[in-house]
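So you can see what is in the structure, the chains are spelled out below.
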Amino acid sequence: MKKVSVETLKPGVKLAKPVINDSGMIIIGEGTVLSDVHIERLHNMSINTVFIEGTAGPAKSKDELLAELDARFKKTGEEPYMPILKRILREQIEGMSV
Amino acid sequence: MDIRDLRSQIEKIDTLPTIPGVLRKLLAVIERPKVSISEIGGFISNDPVLTSRVLKVVNSPIYGFPGRISSLNQALILLGLNVVRGMLLGVSVFEAMQKTMIGLWEHSLGCAIASRIIAKRKGVKEPEEVSVAALLHDIGKVVLGLKFPEEYRQIMTDAENEGNFIFESEKKILNINHADAGGWIAKKWNFPMNLVEPIEYHHKPHLSRMVPMQTAIVHFADILTRAKGFGFAGDYFVPAVHPSVWQLLDLSEDDLKEIVSEFEDALGQAGDFMFSDE
Numbered sequence: 815m816k817k818v819s820v821e822t823l824k825p826g827v828k829l830a831k832p833v834i835n836d837s838g839m840i841i842i843g844e845g846t847v848l849s850d851v852h853i854e855r856l857h858n859m860s861i862n863t864v865f866i867e868g869t870a871g872p873a874k875s876k877d878e879l880l881a882e883l884d885a886r887f888k889k890t891g892e893e894p895y896m897p898i899l900k901r902i903l904r905e906q907i908e909g910m911s912v
Numbered sequence: 002m003d004i005r006d007l008r009s010q011i012e013k014i015d016t017l018p019t020i021p022g023v024l025r026k027l028l029a030v031i032e033r034p035k036v037s038i039s040e041i042g043g044f045i046s047n048d049p050v051l052t053s054r055v056l057k058v059v060n061s062p063i064y065g066f067p068g069r070i071s072s073l074n075q076a077l078i079l080l081g082l083n084v085v086r087g088m089l090l091g092v093s094v095f096e097a098m099q100k101t102m103i104g105l106w107e108h109s110l111g112c113a114i115a116s117r118i119i120a121k122r123k124g125v126k127e128p129e130e131v132s133v134a135a136l137l138h139d140i141g142k143v144v145l146g147l148k149f150p151e152e153y154r155q156i157m158t159d160a161e162n163e164g165n166f167i168f169e170s171e172k173k174i175l176n177i178n179h180a181d182a183g184g185w186i187a188k189k190w191n192f193p194m195n196l197v198e199p200i201e202y203h204h205k206p207h208l209s210r211m212v213p214m215q216t217a218i219v220h221f222a223d224i225l226t227r228a229k230g231f232g233f234a235g236d237y238f239v240p241a242v243h244p245s246v247w248q249l250l251d252l253s254e255d256d257l258k259e260i261v262s263e264f265e266d267a268l269g270q271a272g273d274f275m276f277s278d279e
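Line order of the protein sequences matches chains A and B. If you want the numbering used here, it's the position in the first sequence, counting the first as 1, plus 814. If you want the numbering used here, it's the position in the second sequence, counting the first as 1, plus 1.
If you're looking for bench data, these hints aren't it; they were derived computationally from the structure. Mixed in with the good hints, there may be bad ones.
[Claimed, not checked] Straight line, CA to CA, 25 angstroms or less: simulated DSS-like cross-link-like pairs of lysine-lysine:
{"#": "1", "chain 1": "B", "residue 1": "Lys229", "chain 2": "A", "residue 2": "Lys900"}
{"#": "2", "chain 1": "B", "residue 1": "Lys121", "chain 2": "A", "residue 2": "Lys889"}
{"#": "3", "chain 1": "B", "residue 1": "Lys121", "chain 2": "B", "residue 2": "Lys57"}
{"#": "4", "chain 1": "A", "residue 1": "Lys831", "chain 2": "B", "residue 2": "Lys173"}
{"#": "5", "chain 1": "B", "residue 1": "Lys258", "chain 2": "B", "residue 2": "Lys123"}
{"#": "6", "chain 1": "A", "residue 1": "Lys889", "chain 2": "B", "residue 2": "Lys172"}
{"#": "7", "chain 1": "A", "residue 1": "Lys889", "chain 2": "B", "residue 2": "Lys258"}
{"#": "8", "chain 1": "A", "residue 1": "Lys816", "chain 2": "B", "residue 2": "Lys188"}
{"#": "9", "chain 1": "B", "residue 1": "Lys121", "chain 2": "A", "residue 2": "Lys900"}
{"#": "10", "chain 1": "B", "residue 1": "Lys57", "chain 2": "A", "residue 2": "Lys831"}
{"#": "11", "chain 1": "A", "residue 1": "Lys876", "chain 2": "B", "residue 2": "Lys229"}
[Said to hold, decoys possible] Here are some of the chain A residues that sit facing chain B, going by a computed Cβ distance under 8 angstroms:
{"#": "12", "residue": "Glu882"}
{"#": "13", "residue": "Lys888"}
{"#": "14", "residue": "Glu893"}
{"#": "15", "residue": "Tyr895"}
Small disclaimer: the values here were computed from a predicted structure and weren't measured. Using N, Cα and C, we set each Cβ at its ideal position, and we do this for glycine too.
With the rest of the complex left out, here is chain B (with noise of 0.2 angstroms):
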């Protein structure tokens, strides 16, 4: 398929009859460029099952605030409307990322944590709004496993049999991999370049313009949290670390043992953050 035809078609995912409810409820909601903070908070209240969600991640590692977060609106202004709007997405997505890949949010989730870390140690300005970008990082892989079910089997078969990277195998048999559909499709939902970038550019971090610092950090986290182990992306591998990645962060050997350490902790109380009391 031709690269323009398979880009309108990921853009009108919102269309698909698999896509669920809730997702597309939101998607009209978020969508719209100018969507105000209470609006939403009006959307997530009406949803008991989202609220829970919502005050779940607010409260695990992925944020780390020191206390428990109890109410919606307090959540909603801690958060701010960006990265609010990229949770929610996230949490509504969590059926279809189970479905598309067993481990998939585990390792979200992780790579939200990872970068949580990083970004707090490099001295980001808005560490909340890295975490949301690296737990929607592989948002493409979701796309394309709802737009192309048969196809996206046929990936992970192809990755598992050939020990291809996943990326690798997306290319191979869609022509395009999961960081292009995620950027095209954070695109059309109208999301800010600091979640853009980081979507679109994971896997060549070098090319972010806007943000090449939250995209060296997605970058880095997801490699991370495939090098710990934690969950499943597609493949049992660990991608190299862009040199130009290396550079950017500087992290020193202590910095690195650090973080680790720091991962490994906050791993631990993720054990069971999987939404499994519902």
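Okay, chain A solo, but in the shape it has when bound (with noise of 0.2 angstroms):
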């Protein structure tokens, strides 16, 4: 599932999860496959992001990639052992074909 902007949405993709208003109503039910007048419902309504089904967008750089890795790491990279295990994964990020 990824979350996309209501703006890129195009007809045939499908709701990972309901779309619900501020009054917590749900608005389109999850697994509907959203035609042309579902997304411009959501125009009108003002919601800005759903979830839909499918895996995440774009790869992404392997200087994202280490620097989320060390974010990950940022409260025990200091830890026992935790240096060891973060050196290998960023080992493996580098050793990426990307």
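Please assemble the complex out of the two chains, which come individually in their own frames, going by the hints.
In structure tokens form, the structure reads like this:
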């Protein structure tokens, strides 16, 4: 599942989560294949993003992946053994063919 | 709330009106200590969605069986009663997982895959049982999310805003964490100890008495899955490896490199494993 802006929605994509309005009402149910009419309604109701099925968008660069790795290890990167694990993961990212 | 009150409330989870119908029916079957594999088979085959999910899980990188398993009976025989009971619970809480925490299913799946890889390397006799324990290790998050939806949203916001681990925010707001809740419910459901202990002690692996190796594997698989950034378990940080686990697993740096690389390959195949084509 991925979160996408309503601006970029095309008819035919399938909702991975229901669209819910401010008062908690389900506007369009989970699993609905969106039509032009649905997308128009989302625009009119000023809903900005929805969750649709499919895997993550464009691949990330190695630098982004390494920065994310650093962020994940922020709390425990200095604890015993953690530097070894982090180094192995860093080497794996660096060795990836992108 | 007093811990005993919390425990008894959580143990009554199957009476919640919000619990999915299939899960309620399933619990009535799997809670019975003497349920047979043919009764479970009958239950699954009455439900086409469940049957298709079971076959998907059996053929997923969680187990890594060579070739395709296309019949339910074959799957039941291959996996055995304990694994099937646990796996059924896993696939039945899939929706609840997605609802509680987007990404928790992927996190659980990642842990199950990593556990299988490590268990095989350590020569554990029933690697599938370790995988299923890993698939369910965060069941307590689902239970807390179902039982205390408002508090759980607050917990997730707190973890995000304060930069806490999710279990720290759980403890702060509910006075227990998901491992406590998971352990209680797994015992209530008559799960065997090789499932209960990894669920209950995946953050305190040194306390596991009956199955320390299995618990250590799930603890480490959880960390590895977070370190890879696969899925979402409620916070963005990698917890530290418990020193007892490092000693018990006794993996060399080369072992670790091979595990990480095998894990990467398996995750690549797992990418679209989301029950999306139902």
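Comparing the hints with the structure gives:
For the suggested pair lysine 229 of chain B and lysine 900 of chain A, the alpha carbons sit about 10 angstroms apart, so the restraint of at most 25 angstroms is met. The straight-line distance between the Cα atoms of lysine 121 of chain B and lysine 889 of chain A is roughly 30 angstroms, outside the 25 angstroms bound, and the hint therefore fails. At most 25 angstroms may separate the alpha-carbon atoms for a hinted pair to count; lysine 121 of chain B and lysine 57 of chain B meet this at roughly 21 angstroms. Between lysine 831 of chain A and lysine 173 of chain B the CA atoms are separated by roughly 29 angstroms; this puts the pair beyond 25 angstroms, and the hint is violated.
Between lysine 258 of chain B and lysine 123 of chain B, the direct Cα distance comes to roughly 15 angstroms. Compliance with the 25 angstroms bound is thereby established for this hinted pair. A threshold of 25 angstroms between alpha carbons decides the hint, and for lysine 889 of chain A with lysine 172 of chain B the separation of about 18 angstroms falls inside it, so the pair holds. Distance hint between lysine 889 of chain A and lysine 258 of chain B is fulfilled; the C-alpha atoms sit about 23 angstroms from each other, no more than 25 angstroms. Note on lysine 816 of chain A and lysine 188 of chain B: the hinted pairing is violated, with a Cα-Cα distance of about 36 angstroms set against a maximum of 25 angstroms.
The suggested pairing of lysine 121 of chain B with lysine 900 of chain A holds, with an alpha-carbon distance near 23 angstroms, which does not exceed 25 angstroms. For the hint linking lysine 57 of chain B to lysine 831 of chain A, the alpha-carbon distance of about 22 angstroms falls within 25 angstroms, and the restraint holds. The hinted pair formed by lysine 876 of chain A and lysine 229 of chain B meets the criterion: a straight-line CA distance of about 14 angstroms does not exceed 25 angstroms. Below 8 angstroms, beta-carbon pairs count as interface contacts, and glutamate 882 of chain A has one with chain B at about 6 angstroms; its hint therefore holds.
This hint holds: lysine 888 of chain A has a C-beta 6 angstroms from the nearest C-beta of chain B, less than the 8 angstroms allowed. A least Cβ separation of about 4 angstroms between glutamate 893 of chain A and chain B falls short of the 8 angstroms threshold, and the interface hint therefore holds. A distance limit of 8 angstroms between C-beta atoms decides the matter here; for tyrosine 895 of chain A the minimum to chain B is near 5 angstroms, and the interface restraint holds.
In terms of the numbered hints stated before, the structure departs from hints 2, 4 and 8, listed from lowest to highest.
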